[in-house]
Amino acid sequence: MIQKKICMLGAFAVGKTSLVGRFVRSIFSDKYQTTVGVKIDKKIVSVGDEQVNMMLWDLHGEDEFQKVRMSYLRGASGYLLVADGTRKDTLDIALSLHETIQESVGTIPCILVVNKSDLSDDWEIEKSELDDLATNHWEIIYSSAKSGEGVEEAFQSLARQVV
Amino acid sequence: MSLPEQLLAYTQTAFVDPRHPAYLLMNDEGSLLEWGGELSHYSLSSLAQNEPVSAQLPFLEGLLPAETIPLELPSVEVAAGVYADLHILTGDRGDWILPLDATEAVHEQQKIQQKLNEINLRKTNNQSGTSSPTEIPWHAVFPTLNIAAMVRVDEHEFNLLSAPPSWLIKLWPEAVSLRERIRPGDVFSFLEYFLIEAETFWESSSSGQLGSGFWTEADQHGHEYQLEATATAVDDTKLLLISFPEQVFHDQQEILQKSREISLTHERTLQEIQKKDVLLHCIVHDLKSPLSTMKGVLDLLAAGIIKPERMESMIASGQQQADRQLGMIQDILTAFAAEMGALDSHSVRRVDAPDVVRCARSVADGLEPAYSRRNIRLVVGSRTEDAADWPVVGEESRLERIFTNLLENALRHTAEGTAVTIDFSRKNGTILTTIEDEGPGIPEGLVDRLFEKFSQGEQGGSTGLGLYFCRITVERWGGAIGAQNRDEGGARFWFDLPEPAN
Ligand SMILES: Nc1nc2c(ncn2[C@@H]2O[C@H](COP(=O)(O)OP(=O)(O)O)[C@@H](O)[C@H]2O)c(=O)[nH]1
Ligand SMILES: [Mg+2]
Chain A
423 MIQKKICMLG AFAVGKTSLV GRFVRSIFSD KYQTTVGVKI DKKIVSVGDE QVNMMLWDLH
483 GEDEFQKVRM SYLRGASGYL LVADGTRKDT LDIALSLHET IQESVGTIPC ILVVNKSDLS
543 DDWEIEKSEL DDLATNHWEI IYSSAKSGEG VEEAFQSLAR QVV
Chain B
25 MSLPEQLLAY TQTAFVDPRH PAYLLMNDEG SLLEWGGELS HYSLSSLAQN EPVSAQLPFL
85 EGLLPAETIP LELPSVEVAA GVYADLHILT GDRGDWILPL DATEAVHEQQ KIQQKLNEIN
145 LRKTNNQSGT SSPTEIPWHA VFPTLNIAAM VRVDEHEFNL LSAPPSWLIK LWPEAVSLRE
205 RIRPGDVFSF LEYFLIEAET FWESSSSGQL GSGFWTEADQ HGHEYQLEAT ATAVDDTKLL
265 LISFPEQVFH DQQEILQKSR EISLTHERTL QEIQKKDVLL HCIVHDLKSP LSTMKGVLDL
325 LAAGIIKPER MESMIASGQQ QADRQLGMIQ DILTAFAAEM GALDSHSVRR VDAPDVVRCA
385 RSVADGLEPA YSRRNIRLVV GSRTEDAADW PVVGEESRLE RIFTNLLENA LRHTAEGTAV
445 TIDFSRKNGT ILTTIEDEGP GIPEGLVDRL FEKFSQGEQG GSTGLGLYFC RITVERWGGA
505 IGAQNRDEGG ARFWFDLPEP AN
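Which chain is which? The protein sequence lines are A and B, in order. Just so we're aligned: the first sequence equals residues 423 to 585 in the numbering used here. Just so we're aligned: the second sequence equals residues 25 to 526 in the numbering used here.
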């Protein structure tokens, strides 16, 4: 079976850990526990008639206290760039992380996941801004680790791209 | 043999005098009788006659009474840094103690000993072939630090240097029996990647260390271990150390958690402030429009250009706008006051409890003119017996405010020539009030947010705070409030309140 390393990247508290929890274990918790360092989870998905072992690297969030080490991306086949739809600056952080990655690791498949779609009342990231990105060849998926919306779709779509 | 006088004198000056001779005489009971010579050299200045010697000369402790006399005690430290050879001999009045300085000799001796030690050390080190300064079995240190230490023997292959720590056995049970040529990268995916980096490090530099940062592993019971790997090298030995610094991790996590929670709260507060700014802007905007009408009326009156027959309606419209503005200001005040908990008193006693039906009728009577102006019928409790009591937990003036808000809301949103109907029903100790209109209903997407503080569903004529006030007040009284569109068209607003206990 082929194995692929996938990284979860984004600002802190956008839902990286929750998305992995939802995808791998079908669980969600409202309680926030910040991730320190790296945690690896695995899940086997089917792409066509191929089985892929997705090795999901949940990295700690990027902020002034902890920078994401680029060495963690060594050997990665792709990554999910996660933003929190209710916090506008998390999109900027995601995009600037993307730039750093391109400079140090190169271009590998990635998907922009705009998470917390269940919190539409507090939504802050303008749809027009995302539409602009979409026309710039970004694949964007709206997700909610809480409701499950878009989660499977995001990981599946990336799996298809990395196989 | 006895030496000639001259030689004895020579011996005295050449060998005895430079050694600071002194003497002490003690009797058979061990009390000091007599003393003399260079006692100050030995820091023995305040001596007392007939007192026990052992108490006055601490360095003699345990040496007296001497079993064999004469006795020579070499190199005794009599004062700090001062050594003496002590000679003890018997005379006819008691025992003599004769200290002769030996400080220099002792120092010489120490230097020689040190040299000897160094030579011995070099000899043993050459035998074991390492540069360890002591003979501590240093591998044994790692388990005490909870570290799994390994020596690299080949690419990705290591020998365990010592017994595996317990956490390693929990995560990797086979590690108990394996000591040689183990492949930690096969077991810990994280290491598989870190070791690639480590290989480069070992190749390029022989000093310093490469840290992996924390990563988390879980054992078969789901218990998590936060580990950290370090690649380092001692001479040509490449070492991989994996530690489980539980406390460091928890401290770090706690600090990060706190700081991030604070950042999140800060962000949210800023968002709230922004929303409040928007709300404030809307409120001011809403308050301005009735004022423009009133000012227009006043200007026309001042100019005296209104025809007498139009005077009355002109003034009426000015008054109407003033009422509207007053109502809005009232909304703002009550909403904020309710929020601050300033209106907290309410009755739960049946005798003081407001009657929800009577309250509704009284508010409806007040609003009757406004309703009939738009030809809208207001029907209150057509199926309700007036004789019955309808007491609810609450406070009368605020309950009236709730009805005013809901009925004004219905009036604003329903079409001319239709009806607004209020009804009451009782169930399980609560009283349900419904207010139904025949208007266009609540716009899709707004239903959920109608009762929120910043809901601005209303177009003009309202602060958007009225329904918010209704919700927090009803909820404070132990009730609930809601709204939905009716199947037959129009909106239904409802709230229920508990009946007070008897
Ligand atoms: N409402 C909602 N909350 C979410 C969602 N995803 C994550 N959260 C919450 O957001 C917080 C941060 O999530 P976490 O997964 O730890 O974020 P990470 O720092 O990116 O790993 C937690 O309190 C989660 O419960 C979501 O889709 N909807
Ligand atoms: Mg996390």
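Derived by calculation from the structure, the hints in this document are not laboratory data. Any given hint could be a false lead.
Under the rule of at most 27 Å between Cα atoms (straight-line distance), these lysine-lysine pairs were calculated in the BS3-like manner [said to hold, decoys possible]:
(1) A:K489 - B:K299
(2) A:K510 - A:K549
(3) B:K319 - B:K299
(4) B:K194 - A:K510
(5) B:K312 - A:K510
(6) A:K549 - B:K282
Label-pair distances were calculated between CB atoms; the ranges are [unchecked claim]:
(7) A:K510 - B:S228: 19 to 27 Å
(8) B:S231 - A:E546: 29 to 37 Å
(9) B:K312 - A:G528: 40 to 48 Å
(10) A:L555 - B:E468: 26 to 34 Å
(11) A:K510 - B:Q343: 56 to 64 Å
(12) A:R496 - B:R500: 51 to 59 Å
(13) A:D543 - B:D243: 37 to 45 Å
(14) B:G320 - A:L555: 45 to 53 Å
(15) B:K312 - A:I449: 28 to 36 Å
(16) A:R496 - B:N170: 46 to 54 Å
(17) B:G232 - A:R496: 17 to 25 Å
(18) A:R496 - B:L202: 25 to 33 Å
Glycine included, C-beta positions come from ideal geometry on N, C-alpha and C.
Now the hints, each set against the structure:
1. A:K489 - B:K299: This hinted pair is violated, its Cα atoms lying about 32 Å apart.
2. A:K510 - A:K549: Within the cut-off at roughly 11 Å; holds.
3. B:K319 - B:K299: violated, 30 Å
4. B:K194 - A:K510: violated, 43 Å
5. B:K312 - A:K510: violated, 33 Å
6. A:K549 - B:K282: violated, 32 Å
7. A:K510 - B:S228: 19 to 27 Å: violated, 43 Å
8. B:S231 - A:E546: 29 to 37 Å: The hint (29 to 37 Å, Cβ to Cβ) is violated, given that B:S231 and A:E546 are roughly 49 Å apart.
9. B:K312 - A:G528: 40 to 48 Å: Distance hint for B:K312, A:G528 is violated at roughly 58 Å.
10. A:L555 - B:E468: 26 to 34 Å: holds, 28 Å
11. A:K510 - B:Q343: 56 to 64 Å: Given about 46 Å between the Cβ atoms, the range is violated.
12. A:R496 - B:R500: 51 to 59 Å: holds, 57 Å
13. A:D543 - B:D243: 37 to 45 Å: holds, 41 Å
14. B:G320 - A:L555: 45 to 53 Å: Since B:G320 and A:L555 have Cβ atoms about 49 Å apart, the given range 45 to 53 Å holds.
15. B:K312 - A:I449: 28 to 36 Å: violated, 52 Å
16. A:R496 - B:N170: 46 to 54 Å: violated, 27 Å
17. B:G232 - A:R496: 17 to 25 Å: Taking Cβ atoms as reference, B:G232 and A:R496 lie about 20 Å apart, which means the hint holds.
18. A:R496 - B:L202: 25 to 33 Å: Once the Cβ atoms are compared, 27 Å apart, the range 25 to 33 Å for B:L202 and A:R496 holds.
Checked against the numbered hints above, the structure violates hints 1, 3, 4, 5, 6, 7, 8, 9, 11, 15, 16; every other hint is satisfied.
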